[in-house]
Amino acid sequence: MKIICNKSDLVYGVQTVQRAVSTKNTMPILDGILIEANDNKIVFKATNLEIGIICSTNAKTIETGSIVLPSRYFGELVKKLPDIPIHIETNENYSTNITYGESSTSINGYNPEEFPVLPHISSNKLIKIPGDLFKNMVKQVVIAISRDEARPIFTGILTDIGSNGVKLIGTDTHRLAYRSNTIQTKLEMKEIIPGKTLAEVSKLIDNEEPVSISFDKNQVLFQTENISIISRIINGQFPDYNQVIPSNYSTNVRIDTKAFLQAIERASLLVRENSQDKANVIKLSISGEHLTINSNAPDVGRLHEKIPAFIEGEDIIISFNSRYLLDVLKVIDEEEIYLQLTGSLSPGIIKPVNQDNFLYLILPIRTV
Amino acid sequence: MEESVDKLLLEIQELKMQVYALEEQNEALRKQLYDKKDGGEGLDNLMRLYEEGFHICPAHFGSYRNRDEGCLFCMSFIKKQNLTGN
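Going down the list, the protein sequences come from chains A and E.
Just so we're aligned, residue 1 is where the first sequence starts under our numbering, counting upward by one.
Just so we're aligned, residue 369 is where the second sequence starts under our numbering, counting upward by one.
Possibly wrong hints are sitting among the right ones.
[Said to hold, decoys possible] What follows is a list of derived Cβ distance ranges for each label pair:
hint	chain 1	residue 1	chain 2	residue 2	range
1	E	G430	A	P119	32 to 42 Å
2	A	P308	E	R435	50 to 60 Å
3	A	P246	E	G430	53 to 63 Å
4	E	R435	A	S123	35 to 45 Å
5	A	N207	E	L411	48 to 58 Å
For the record, the hints were derived by calculation from the structure and aren't laboratory data.
Since the model is a prediction, treat every value here as computed from it, not as a measurement.
We put the beta carbon where it would ideally sit given N, CA and C, even for glycine.
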């Protein structure tokens, strides 16, 4: 393989696929990036066997071929190269010369034949979503998924596609985020896509570029013009999310999103626990024309905040994990939200005032 | 003498029949009572399991859960059972 390319194309290709490079050193070849040169294009590939990323960029191909180079050295090197034409040439024993001006570096590579073959997906189960919409939908749902690998279905996002459009649902069983959007499609299907994959895709795609998503039996493929991301689908039965969403409420609070977020941020300072498993409890009292926030940590101090709110229905005192409230308030762009409650033990609903397509369900914490 | 024995036998026969009838009735009542108790106890047992820190939702029945925080699906399951029970 012999190619000439510029630094920015090389950095773009390497940095894009590097997200899929395995951090666990189980197979040395998975620490590598496969580079294939053909027809004045170079294709970069990397995989950790969970997710695979393919990225193509322009280059002048003098001799076609392929090589696997260790990501940790090659990836760092390309970032530090001067901004001049870069020649990459493979020699015998997979050693590769990277020449820039009068200087050169030689890196030992691996046999490209040993690199795992990424599955080819050609499916007619395809849907196209504008990049910015996709990113926004994922951002609002991924906050609620679980990190507990012992229960894999909750580390994924249920992608429910039907005639009404696309619905994304994420839950860790303590809270649930639901986002829908009308998109013209004839597809009818439900699949659980790993949350990590959707987060990676969100980071890699452009706002202006549409992303096409195609499914086969066990895999899902995300494609834009230059990038393809392949991931496995999580097998399992996602519980019926419709039955956990309450259909009515006894208290409805309309409140300024930013004021609420800032108050919760201050309140959570005192009760912040370092452990992810521990709940950071804050108490909300809803009465009259105010929502009062109290947080109390006997060793640190206490906080009391009063925010004006428009309240309908019964007065209520309810406790939540502040982390769950912060997560959702940070992903709502609307100026005002509704907080809808039905007693201090039933799940509460948070949704933007003028947006019907997002809903967040949060279980209160029982305090004695 | 013979007559009084016959009378006694007849009386015993009647008492026997009465005992059978009572036993039958007793069994039916017991069954009724047991069925009623079983329904209530089942839900109580599930609630106790949940309170002790186990999932009772169909997806993760019996697996350990964090007791500090509830499970949306267990709660909705309890609610559903309560509604169908009433």
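Checked hints:
no. : hint                           : result
1   : E:G430 with A:P119: 32 to 42 Å : holds, 36 Å
2   : A:P308 with E:R435: 50 to 60 Å : violated, 36 Å
3   : A:P246 with E:G430: 53 to 63 Å : violated, 26 Å
4   : E:R435 with A:S123: 35 to 45 Å : holds, 44 Å
5   : A:N207 with E:L411: 48 to 58 Å : holds, 51 Å
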